[in-house]
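*Asks:* The residues making up each chain are set out below.
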Amino acid sequence: MFKLEKTDLSLLVIVAVLTMFAPFILNPFPADSAMAQFNAGYPDLMQRFVIFGVFAIGFNILFGLTGYLSFGHAAFLGVGSYAAVWMFKLLSMNVVPAIILSVIVAGLFSLVIGFVSLRRSGIYFSILTLAFAQMMFALAYSVLTPITGGETGLQLALDDPRILGVSQTAGGNIPVPSIFGLEMRSSAELALGAWSFTFNVGYYFCALIMLVSFYVAIRIFRSPFGMMLRAVKSNQQRMNYTGLNSKPYTLAAFVISGMYAGLAGGLMASMDPLAGAERMQWTASGEVVLMTILGGVGTLIGPVLGAGFIKYFENIFSKINSTILHEWFAFLPDGLEDLLVNVLYPFIGKGWHLTLGILFMLVVIYLPGGLVEGGQRVNGWFRNRGAKKSTTKTTPAE
Amino acid sequence: MDAIILQILNGLDKGSAYALIALGLTLIFGTLGVVNFAHGALFMIGAFCAVTLSRILTLSHTIIDDTQKDFLGNPLKVEVPYVHDIFGVATGDAIIDWAVPLSLLFAIPIMIAVGVIMERGLIKHFYKRPHADQILVTFGLAIVLQEVIKYFYGANPIPTPAPDAFKGSFDFGAALGFDPNLIIYPYWRIIYFGFAAVIIGGVFAFLQFTTFGMVVRAGMADRETVGLLGINIDRRFTIMFGVAAAVAGLAGVMYTPINSPNYHMGMDFLVLSFVVVVVGGMGSLPGAVLAGFLLGILESFASMREVIDIIPGINQVIIYLVAIVILLTRPRGLMGRKGVMED
Numbered sequence: 000m001f002k003l004e005k006t007d008l009s010l011l012v013i014v015a016v017l018t019m020f021a022p023f024i025l026n027p028f029p030a031d032s033a034m035a036q037f038n039a040g041y042p043d044l045m046q047r048f049v050i051f052g053v054f055a056i057g058f059n060i061l062f063g064l065t066g067y068l069s070f071g072h073a074a075f076l077g078v079g080s081y082a083a084v085w086m087f088k089l090l091s092m093n094v095v096p097a098i099i100l101s102v103i104v105a106g107l108f109s110l111v112i113g114f115v116s117l118r119r120s121g122i123y124f125s126i127l128t129l130a131f132a133q134m135m136f137a138l139a140y141s142v143l144t145p146i147t148g149g150e151t152g153l154q155l156a157l158d159d160p161r162i163l164g165v166s167q168t169a170g171g172n173i174p175v176p177s178i179f180g181l182e183m184r185s186s187a188e189l190a191l192g193a194w195s196f197t198f199n200v201g202y203y204f205c206a207l208i209m210l211v212s213f214y215v216a217i218r219i220f221r222s223p224f225g226m227m228l229r230a231v232k233s234n235q236q237r238m239n240y241t242g243l244n245s246k247p248y249t250l251a252a253f254v255i256s257g258m259y260a261g262l263a264g265g266l267m268a269s270m271d272p273l274a275g276a277e278r279m280q281w282t283a284s285g286e287v288v289l290m291t292i293l294g295g296v297g298t299l300i301g302p303v304l305g306a307g308f309i310k311y312f313e314n315i316f317s318k319i320n321s322t323i324l325h326e327w328f329a330f331l332p333d334g335l336e337d338l339l340v341n342v343l344y345p346f347i348g349k350g351w352h353l354t355l356g357i358l359f360m361l362v363v364i365y366l367p368g369g370l371v372e373g374g375q376r377v378n379g380w381f382r383n384r385g386a387k388k389s390t391t392k393t394t395p396a397e
Numbered sequence: 000m001d002a003i004i005l006q007i008l009n010g011l012d013k014g015s016a017y018a019l020i021a022l023g024l025t026l027i028f029g030t031l032g033v034v035n036f037a038h039g040a041l042f043m044i045g046a047f048c049a050v051t052l053s054r055i056l057t058l059s060h061t062i063i064d065d066t067q068k069d070f071l072g073n074p075l076k077v078e079v080p081y082v083h084d085i086f087g088v089a090t091g092d093a094i095i096d097w098a099v100p101l102s103l104l105f106a107i108p109i110m111i112a113v114g115v116i117m118e119r120g121l122i123k124h125f126y127k128r129p130h131a132d133q134i135l136v137t138f139g140l141a142i143v144l145q146e147v148i149k150y151f152y153g154a155n156p157i158p159t160p161a162p163d164a165f166k167g168s169f170d171f172g173a174a175l176g177f178d179p180n181l182i183i184y185p186y187w188r189i190i191y192f193g194f195a196a197v198i199i200g201g202v203f204a205f206l207q208f209t210t211f212g213m214v215v216r217a218g219m220a221d222r223e224t225v226g227l228l229g230i231n232i233d234r235r236f237t238i239m240f241g242v243a244a245a246v247a248g249l250a251g252v253m254y255t256p257i258n259s260p261n262y263h264m265g266m267d268f269l270v271l272s273f274v275v276v277v278v279g280g281m282g283s284l285p286g287a288v289l290a291g292f293l294l295g296i297l298e299s300f301a302s303m304r305e306v307i308d309i310i311p312g313i314n315q316v317i318i319y320l321v322a323i324v325i326l327l328t329r330p331r332g333l334m335g336r337k338g339v340m341e342d
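Chains A and B, in that order, give the protein sequences.
The numbers in numbering that gives the first Met the number 0 rise by one with no breaks, and the one at position 75 of the first sequence is 74.
The numbers in numbering that gives the first Met the number 0 rise by one with no breaks, and the one at position 119 of the second sequence is 118.
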């Protein structure tokens, strides 16, 4: 089905099931319990999961397959956001043209930047992309203020000349993004006993797009084109000696991943119609690098896992505060409780970035394949143990 | 003419900071072949050494002063720094006033220790791994260091003033025969430039005129052969890492009066100093210094009103623009050596 191999198809199905049932899976705690604040099944966060999933999938096509480490990918995301918001301002509040434009604009930008940056490789490539991204960030922040809104960011206003659609609703409000009349922010609530689940139009829209882009990524990974990109990563010199020019392949990969980033930016603007320059800063590019590495670079599912992992724990960790820690360790003797809370306190709440940094270093040092490799190791370990047990069992019979 | 001199002067202090950080980066890259994304964090740690020392010096205890009354008529409570008790009031005040220069002494051992621990504890394991892995792990380390500093010192910039003696400005215009008040330049920036020149000269002299430096230079050219000659080159490179960390840290200490340190100052400088290293040529120490000053001066020229009127926004992007042009036309940078990181 879908021209996929069996394992890839099952992977796609698993991801599809997980995203479709995410509102249930992420809301394991009853709505009025003390743990309810750790529910992650609210629309805003779920949207971020899948949008950053798209971003990381795209980044992985470049970094995972060709090994070119770009430190400026957030620039394309920012450009995509600006394009989408301008489409909302000028054309209509329908998200489809906005997203199409954001992908195209990001693609054009990545074509130009990729064409120049890909003339060098290795660390020079990283620094070139970084320089371009910082340049775009600086310009968006200062001189291009008429286009980008500068420090305040680009927002919708009541007097936008919307060609297809109205400048303001009957109530005098700014209209909200929608897809053919269905508003992105509208959601349905389902209460099952003590649990309540939210199904949000915007989330399902993003999730569908994420699934499509995941499918496209699988096809790229399994195609001859993907094979070429892997060849670039493993030995570019040998590839050149066989008479192949690697440049068109790497450029195509760069543009594709730039378009993925633009898509993510467009989706971000569709969920919340504003765009700011801080999305383009190089630390934002660093974040997608973290996601991809943490999940498992060069694997299919890794970037999605990494994006979900980082965004989930960012949410959970920043909600834990010292009171909650005290509650958790209340069963311990007082002195020990205080000690534990004091030790853990720097790593939670606002200290989430510290935890993330440490985690990231540990992953790079000990687990270069990220969470995926970790899973495989654990799996292999269990299998080995199982295999040993079975051999010990079978030896007497022989 | 006066405007041009002013811009050159303005460029010098920023250029000094760039040159010092880029010098350290190049030392690490040239000796160990490691791309250190945590170098900006070392700059920041240096700056916070100054903050820490000035906090230690102003540690105080409360005493009740019977000679003074507050508005209710009660004896006034006065905060007295411990240094007053130890050295007397006048000397104590002078010590507090000179906290930033004193921090140089305080920072050198700390920065060398940080550098050596970093190299032995982490970087050592990454020599054989690809550059991308080195970038990633040092990037992670930079985040960790930055967050640790943020945890202890908060997110706001901490003003750390220069000694009172250097607070004013020097009237360059009058000295050079222009009208007075045309070219005025803060004393501290002159000192920063002089300090940078001393440090850079010191590092070069150390490498050029000592036996240790000669061995290090030999190791930079051909590490294996030097190792085969029975010299423990790894230990010397570790020490050089410490020296590079100290250079970055001292640049940070001296920079605190110019710009109040905050936890992300390292990241802000890191990107620029990488650009400087690339423009100067990977692995070339004179190149790094030259490019640092050149880019600093170019940046301040680009922020002249006359220039901005012609090309708006040029002051924001000039450094990156120069880097892109250099990387594409002169891949080895201004003074890059042949065979260093060419791919």
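If you are wondering where the hints come from, they were derived from the structure by calculation, not from laboratory data.
Being a predicted model, the structure only gives us computed values, none of them experimental.
All residues carry an ideal CB built from backbone N, CA and C; glycine is no exception.
Watch out, some of these pointers could steer you wrong.
[As the list claims (entries may be wrong)] Cβ-Cβ distance ranges computed for the label pairs, FRET-style:
1. B:305 x A:114: 50 to 60 Å
2. A:237 x B:128: 12 to 22 Å
3. A:146 x B:223: 32 to 42 Å
[As the list claims (entries may be wrong)] Below, simulated DSS-like cross-link-like pairs (lysine-lysine); rule was C-alpha separation at most 30 Å, straight line:
4. A:318 x B:149
5. B:127 x A:246
6. B:166 x B:149
7. B:149 x B:123
8. A:2 x A:232
9. A:232 x B:166
10. A:5 x A:318
11. A:318 x A:349
12. A:349 x A:2
13. A:232 x A:246
14. A:349 x B:166
15. A:232 x B:127
[Stated by the list, open to error] Some chain A residues well away from chain B (every beta-carbon gap over 12 Å; in silico):
16. 25
17. 29
18. 43
19. 140
20. 178
21. 246
22. 319
*Asks:* None of the hints should be skipped; say for each whether it holds.
*Replies:* Hints, one by one, checked against the model:
In this structure, residue 305 of chain B and residue 114 of chain A break the distance hint of 50 to 60 Å, their C-beta atoms being roughly 33 Å apart. Separation of residue 237 of chain A from residue 128 of chain B is about 21 Å and conforms to the stated range, judged on CB atoms against 12 to 22 Å. Judged by the Cβ atoms, the range 32 to 42 Å given for residue 146 of chain A and residue 223 of chain B is violated: they are separated by roughly 54 Å. Distance check on the hinted pair: residue 318 of chain A and residue 149 of chain B sit about 19 Å apart at the alpha-carbon level, within 30 Å; holds.
For the proposed pair residue 127 of chain B and residue 246 of chain A, the alpha carbon gap of about 27 Å is at most 30 Å, so the pair holds. For the proposed pair residue 166 of chain B and residue 149 of chain B, the alpha carbon gap of about 28 Å is at most 30 Å, so the pair holds. Of the pairs offered as hints, the one joining residue 149 of chain B and residue 123 of chain B holds, with about 27 Å between alpha carbons and a cut-off of 30 Å not exceeded. Of the pairs offered as hints, the one joining residue 2 of chain A and residue 232 of chain A holds, with about 26 Å between alpha carbons and a cut-off of 30 Å not exceeded.
The suggested pairing of residue 232 of chain A with residue 166 of chain B is violated, with an alpha-carbon distance near 55 Å, which exceeds 30 Å. At most 30 Å may separate the alpha-carbon atoms for a hinted pair to count; residue 5 of chain A and residue 318 of chain A exceed this at roughly 40 Å. Under the criterion of a C-alpha separation no larger than 30 Å, the hint pairing residue 318 of chain A with residue 349 of chain A is consistent with the structure, at around 9 Å. A threshold of 30 Å between alpha carbons decides the hint, and for residue 349 of chain A with residue 2 of chain A the separation of about 46 Å lies outside it, so the pair is violated.
The hinted pair formed by residue 232 of chain A and residue 246 of chain A meets the criterion: a straight-line CA distance of about 12 Å does not exceed 30 Å. Proposed proximity of residue 349 of chain A and residue 166 of chain B is contradicted: the alpha carbons are some 37 Å apart, above 30 Å. Restraint check: the Cα-Cα separation between residue 232 of chain A and residue 127 of chain B comes to about 17 Å, which is no more than 30 Å; the hinted pair holds. At roughly 27 Å from the closest C-beta of chain B, the C-beta of residue 25 of chain A stays outside 12 Å, upholding its exclusion from the interface.
Non-interface status of residue 29 of chain A relative to chain B is upheld: no Cβ of that chain comes within 12 Å, the nearest being about 34 Å off. Listed as a non-interface residue, residue 43 of chain A keeps its Cβ farther than 12 Å from every Cβ of chain B; the least gap is roughly 24 Å. Remark: the non-interface label on residue 140 of chain A conflicts with the geometry, its nearest Cβ contact in chain B lying 8 Å away (cut-off 12 Å). At the 12 Å boundary, the C-beta of residue 178 of chain A stays outside the reach of chain B, the nearest C-beta of that chain being 37 Å off.
Distance check on residue 246 of chain A: its Cβ is at least 14 Å (rounded) from any Cβ of chain B, clearing the 12 Å threshold; non-interface status holds. Against chain B, the non-interface label of residue 319 of chain A holds: every CB pair exceeds 12 Å, the least being about 15 Å.
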